[in-house]
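S.K.: Sequence:
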Amino acid sequence: MWSTAVGCQGPEMLESSALNLRGKVVLVTGASRGIGAAIAQAFAREGATVAVNYLANEAAAAQTVAACQAAGGNAWAVQADVGNPAAVDAMAQAIAQEAGPIDIVVNNALRPYAFDPERRQPLDALAWSDYQAQFDAAVGGAFHVCRAVLPQMRQRARGSIVNISSNLVEHPVVAYHDYSTAKASLVGFSRNLASELGPFGIRVNCVAPGLVYPTQGSAQTRESFRESLMAATPLRRLASPDDVAGPVLFLASDLSRFMTGQVLLVDGGLVMR
Numbered sequence: 155m156w157s158t159a160v161g162c163q164g165p166e167m168l169e170s171s172a173l174n175l176r177g178k179v180v181l182v183t184g185a186s187r188g189i190g191a192a193i194a195q196a197f198a199r200e201g202a203t204v205a206v207n208y209l210a211n212e213a214a215a216a217q218t219v220a221a222c223q224a225a226g227g228n229a230w231a232v233q234a235d236v237g238n239p240a241a242v243d244a245m246a247q248a249i250a251q252e253a254g255p256i257d258i259v260v261n262n263a264l265r266p267y268a269f270d271p272e273r274r275q276p277l278d279a280l281a282w283s284d285y286q287a288q289f290d291a292a293v294g295g296a297f298h299v300c301r302a303v304l305p306q307m308r309q310r311a312r313g314s315i316v317n318i319s320s321n322l323v324e325h326p327v328v329a330y331h332d333y334s335t336a337k338a339s340l341v342g343f344s345r346n347l348a349s350e351l352g353p354f355g356i357r358v359n360c361v362a363p364g365l366v367y368p369t370q371g372s373a374q375t376r377e378s379f380r381e382s383l384m385a386a387t388p389l390r391r392l393a394s395p396d397d398v399a400g401p402v403l404f405l406a407s408d409l410s411r412f413m414t415g416q417v418l419l420v421d422g423g424l425v426m427r
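So the number in the working numbering is just where the residue sits in the sequence shown, counting from 1, plus 154.
Think of the hints as simulated: they come from the structure by calculation, not from any bench. Glycine included, C-beta positions come from ideal geometry on N, C-alpha and C. Treat the hints with care, as some may be off.
Label-pair ranges, simulated between beta-carbon atoms [stated by the list, open to error]:
1) Ala-329 / Glu-377: 16 to 24 Å
2) Tyr-285 / Gln-223: 36 to 44 Å
3) Asn-211 / Ser-394: 15 to 23 Å
4) Arg-310 / Gln-223: 36 to 44 Å
5) Gln-416 / Gln-251: 30 to 38 Å
6) Gln-223 / Gly-352: 31 to 39 Å
7) Tyr-285 / Asn-211: 35 to 43 Å
8) Ala-279 / Glu-212: 32 to 40 Å
9) Asp-290 / Gly-400: 28 to 36 Å
Please build the complete structure, drawing on both the sequences and the hints.
M.R.: Structure representation (structure tokens):
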């Protein structure tokens, strides 16, 4: 809670349940498994209503929904390709009709990517289309989702958007050129949006994890590399999907109500700023 000392108060006192996520309507993209599923379940544990977006894996999305409901939240699956503006618009409208205006968006969906240092493509083996595919997924998907939900947030002069970036932007321990460059652009997109939307009471921030294990992307990361990365990390382990979910909830909640345009690194201290 804010201190009650003179000069230390915020505009309004925070309650003891400062996350204040109960009843909030949350859209998590790419939430059928991995990091997205962990984020969706974390919101559900706080009593939020969660729209579990997925592209193709309906069975996995149903499992995430069941886990969210078991955790105490309301949840349902919403299929949409975030790269398709019409599909995203329809998704945003369907969520509003089902549960009310969207309060929080987590842009987590990404194009499948294998984090294998030994099989990564060097620059001279890449085509611009490789970069474009990652831009379309990381930045394009966030762009379409943000445009679709902004009318709902502007109308009520509040909202929180959390975009999932990567610590590779700050520390390319492996030069995953196309992936990391797209994530860097997502940070730029987020900060411009934060500047524009701040006067409307809408906050935009990023969470930048290090290597998260286990996920579909890290399944191909060799054990020897994982061990070397853990040895270089002050906390001596890799992030789990649940480790990412906590900071996302923080940035989505009232606890971070005076933060926007920020990048929160979640990598066990591998990158220190």
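S.K.: With reference to the structure, classify each hint as holding or not holding.
M.R.: How the hints compare with the structure:
1. Ala-329 / Glu-377: 16 to 24 Å: Since the Cβ atoms of Ala-329 and Glu-377 sit about 21 Å apart, the hinted range of 16 to 24 Å holds.
2. Tyr-285 / Gln-223: 36 to 44 Å: The hint (36 to 44 Å, Cβ to Cβ) holds, given that Tyr-285 and Gln-223 are roughly 39 Å apart.
3. Asn-211 / Ser-394: 15 to 23 Å: holds, 20 Å
4. Arg-310 / Gln-223: 36 to 44 Å: About 26 Å separates the Cβ atoms of Arg-310 and Gln-223, which means 36 to 44 Å is violated.
5. Gln-416 / Gln-251: 30 to 38 Å: Distance hint for Gln-416, Gln-251 holds at roughly 32 Å.
6. Gln-223 / Gly-352: 31 to 39 Å: holds, 35 Å
7. Tyr-285 / Asn-211: 35 to 43 Å: violated, 26 Å
8. Ala-279 / Glu-212: 32 to 40 Å: Taking Cβ atoms as reference, Ala-279 and Glu-212 lie about 35 Å apart, which means the hint holds.
9. Asp-290 / Gly-400: 28 to 36 Å: holds, 29 Å
Hint compliance for this structure: hints 4 and 7 are broken, all remaining hints hold.
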